[in-house]
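Enquirer: Below are the chains, spelled out letter by letter.
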Amino acid sequence: MSADRETGHEMTNTDIALLLADAADGVEIGIAPTQAVIRGGRRRRARRWAVAAGAALAIVGTTGTVALAGLPGGDGHRVAATQPPTTLPNSFQAEPHNTTLASGFEDGKAWNVSVDVWGAPRNAAEAQAQLTVMTEYGEYPGEISEASDLIGKSAIFVSKSYDGKASMMIHQMLSKGDRQRGTDLVSGASGLKSSSEPARLVVGRIAKSAQQVTCTWKDGTSTVLHRDPANTIVNNTLLQGIRPAEGSPDAWFVCLAPKGTSYDKAEVTG
Amino acid sequence: MGDRKEARDKEFQSFVTGRWPRLLRTAFLLTGEQHAAEDLVQSTLEQVYVAWRRVGSADNPEAYVRRVMINAHARKHRRRLREFLAPKDDSGLVHEVADTGDRIAQADDRGVLLKALAQLPVRQREAVVLRYWEDLTETQTAEAMGCSVGSVKSNAAKGIAKLRAIPGLADMVSSGGGRK
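So the protein lines, in turn, are chains A and B. All residue numbers for the first sequence refer to the numbering used here, where the first residue is 1 and numbers rise by one. All residue numbers for the second sequence refer to the numbering used here, where the first residue is 1 and numbers rise by one.
Check each hint, because a few of them may be wrong.
Okay, derived cross-link-like pairs now, EDC-like style, lysine to aspartate or glutamate, Cα gap no bigger than 20 angstroms in a straight line [to be verified]:
id, chain 1, residue 1, chain 2, residue 2
1, A, 153, A, 139
2, B, 162, A, 22
3, B, 76, A, 197
4, A, 259, A, 139
5, A, 165, A, 197
6, B, 115, A, 25
7, B, 115, A, 22
8, A, 208, A, 246
9, B, 158, B, 134
10, A, 265, A, 163
11, A, 193, A, 163
12, A, 259, A, 197
13, A, 153, A, 197
14, B, 76, B, 39
15, B, 115, A, 28
Chain B is faced by these chain A residues, among others (derived, beta-carbon under 8 angstroms) [to be verified]:
id, residue
16, 16
17, 24
18, 185
Anything over 10 angstroms on all C-beta distances counts as not near chain A; from chain B, calculated [said to hold, decoys possible]:
id, residue
19, 3
20, 13
21, 37
22, 56
23, 57
24, 67
25, 123
26, 138
27, 140
28, 142
29, 143
30, 150
None of these hints come from the bench; they were simulated from the model. We treat Cβ as the ideally placed atom computed from N, Cα and C, and that holds for glycine.
Between the sequences and the hints, there should be enough to build the whole structure, so can you do that?
Expert: Shown next, in the form of structure tokens:
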């Protein structure tokens, strides 16, 4: 123990242990949220199942059982499908609108960015149906504790894919009337291949009236984006630009910094 | 089938209720903030619930829980997600009413230690907390951290040495491990 000493103080590890115990007492111990934990655990189990099953299993609107043996996360027993069929008004779409916002190639690998926009359920039945589908998609809004929390809110999930590997970039819940106006801009940046790389890939949400966005990179250069409602494709690449996304009250943009630099800022400039 | 599931849920609930205080204190030392600690423990227990069928019947479910919590904590750092390593001001730290001089002094001591812990690299912080708060052996700590015993020794020793080098903390320890 003496070898550990680096100062002249007469300290022992027991003293450190006492300090830790004292500091640990500083936390407020409330009632254990057992029900919330169990709900969260069930969601994780369902999500894990859905992700593991992937496209091979259609779980929405089915009854009966599905074997989990051999699937990662499955424990070999049979479980009931998540929900019985739900009768809904024809006007409600429980599935998301999906729009590709940009695509391209880097180092010979394809990448793309897309957004899923989930409409706002109007009642408990619609919310439950949507939550079931969200679980299937692996797009579970972390901030909700039960299906009814979805009522009146739409949800957006932006994901990127590089070389076939997808990951979530942005998730937001939007209330009615929550839209971008004027030069409002909400954006997020991430590495193209992984989150540990410099943030070069920028995705943003802007007003539908915005005509131009300028992405400025840390090396001082910038990329100017214009509206591209025609979804121009050149060499199998969806042009980086400003475009609408189905179901979204806002327009979207994606810009990718050149290699060697990274995101500094993005602004609506026109 | 339904009865077995219900029994497992009850067993899990009992486990959560019993372990919640201890886990929360450990998480508080790891994260340095009340809400981050609650999130860490809740997220850990949710993962444990998923595997409870196996974990609940294991000899030492606590070891599994610790491993999950340390993994979750380390993962959070790797991804550089938002974490309140150190409170930005005392209001996030001390929730009790400081109505006496002793209480204020005690709260200050906690703040000093939490800030000192926050300055440690994550693996050193984990090793210090598991060894000297959870009172785990080096082998148990290695199991929880998913590393070798040598790595635990090294991280714990470096962590302790850094804590001792922090003047405010050194003063506290030399005055008898806090001002109780």
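Enquirer: Work down the list of hints and note, for each, if the structure agrees.
Expert: Quick rundown of the hints versus the structure:
| no. | hint | in the structure |
| --- | --- | --- |
| 1 | A:153 / A:139 | holds, 15 angstroms |
| 2 | B:162 / A:22 | holds, 19 angstroms |
| 3 | B:76 / A:197 | holds, 16 angstroms |
| 4 | A:259 / A:139 | violated, 30 angstroms |
| 5 | A:165 / A:197 | holds, 15 angstroms |
| 6 | B:115 / A:25 | holds, 15 angstroms |
| 7 | B:115 / A:22 | holds, 14 angstroms |
| 8 | A:208 / A:246 | holds, 12 angstroms |
| 9 | B:158 / B:134 | holds, 18 angstroms |
| 10 | A:265 / A:163 | violated, 27 angstroms |
| 11 | A:193 / A:163 | holds, 8 angstroms |
| 12 | A:259 / A:197 | holds, 11 angstroms |
| 13 | A:153 / A:197 | violated, 33 angstroms |
| 14 | B:76 / B:39 | holds, 11 angstroms |
| 15 | B:115 / A:28 | holds, 18 angstroms |
| 16 | 16 | holds, 5 angstroms |
| 17 | 24 | holds, 4 angstroms |
| 18 | 185 | violated, 21 angstroms |
| 19 | 3 | holds, 14 angstroms |
| 20 | 13 | violated, 5 angstroms |
| 21 | 37 | violated, 6 angstroms |
| 22 | 56 | holds, 12 angstroms |
| 23 | 57 | holds, 12 angstroms |
| 24 | 67 | holds, 17 angstroms |
| 25 | 123 | holds, 17 angstroms |
| 26 | 138 | holds, 13 angstroms |
| 27 | 140 | holds, 15 angstroms |
| 28 | 142 | holds, 18 angstroms |
| 29 | 143 | holds, 20 angstroms |
| 30 | 150 | holds, 16 angstroms |
In this structure, the hints that do not hold are numbers 4, 10, 13, 18, 20 and 21, in rising order.
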